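> Sequence:
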Amino acid sequence: MTSGNAVPVSDEVGVRYELHGPVATVTLSRPDVLNAQTPAMWTELGNISRKLPGDVRVVIVRAEGRAFSAGLDLSVARGGGDSSLAGLAQLSATECADRIAGFQTAFTWLRSPSIVTIAAVQGHAIGAGFQLALNCDMRVLADDATFSMAEVTLGLVPDLGGTKRLTELVGPSRALEICVTGRRISAAEADRIGLATAVVPRADLDAAVSDLTAAVLAGDTGAVTEIKALLLGAPQRSYAEQDRAEREAQTRRLSDLLGSGE
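Quick note on this note's numbering: the sequence shown kicks off at 20 and runs consecutively.
Please keep in mind that the hints were generated in silico from the structure rather than gathered at the bench.
Since this is a predicted model, take the numbers as computed values, not measurements.
Misleading hints may appear alongside valid ones.
[Unchecked claim] Think about it this way: if two alpha-carbon atoms lie no more than 30 Å apart in a straight line, the pair counts; the simulated DSSO-like pairs of lysine-lysine are:
1) Lys183 to Lys247
2) Lys247 to Lys70
3) Lys70 to Lys183
Construct all of the structure, not just a fragment, from the sequences and the given hints.
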């Protein structure tokens, strides 16, 4: 497959999409505002999920400039548009929930078992930026990275698919403390409490992500897909159910690799 680009249609959108064989790279490209996120950006992220070729195996989410994402763009959120906070507040409860569900699809597709997703995080990853990283399977952090679930400082809750993953990674008590205080989490602490797959010097971030991508691609495609599905479903299953899921997955792998024998 040849490489390609989806150039942002405006400065507000600020998302670039590139293909290089089985690897897709999604780049947040509003460095002048620390990659602050807007509903237009979320729409484009959702569009990328729908046009992703079936042979893509790894999706890298990265950002230009000194920060991964400063979170919600408050100039848009506090404006007067349909997707501003004021605009959302004027909707019925059902309409508001439906609008937020649309926003969530920009993030939740990163959990798909058919792809492995890697966030390359430098600088601040605040609020929506933190949740974007959390929706990825792995997070490679530069040593200057900082996480914060800052929604509480606006009187809001995290609503972009980050709360469940955060709880799974650090446990309910620590997740509660992180969310209700909105405090900053350094790369070193993120590594210690399980939020980081790896922490590397800032200058080595791209190389570390490339190495991890190569390691994922070296694995059998079908096996990687089955493994991700097994692990994603594990928290909802009992031991007996997980044992059964393992048996069924292995049966499918043996059939694919060696034939069903029928």
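> All the hints need checking, so say for each whether the structure fits it.
To see whether the hints hold, each was checked on the structure:
A distance of roughly 17 Å separates the Cα atoms of Lys183 and Lys247; the hinted pair therefore holds under the 30 Å criterion. Straight-line distance between C-alpha atoms of Lys247 and Lys70 comes to about 22 Å, which keeps the hinted pair within the 30 Å bound. A C-alpha spacing of about 26 Å is found between Lys70 and Lys183, which places the hinted pair at or below 30 Å, so the restraint holds.
Figure legend: structure checked against the earlier numbered hints; every hint is met.
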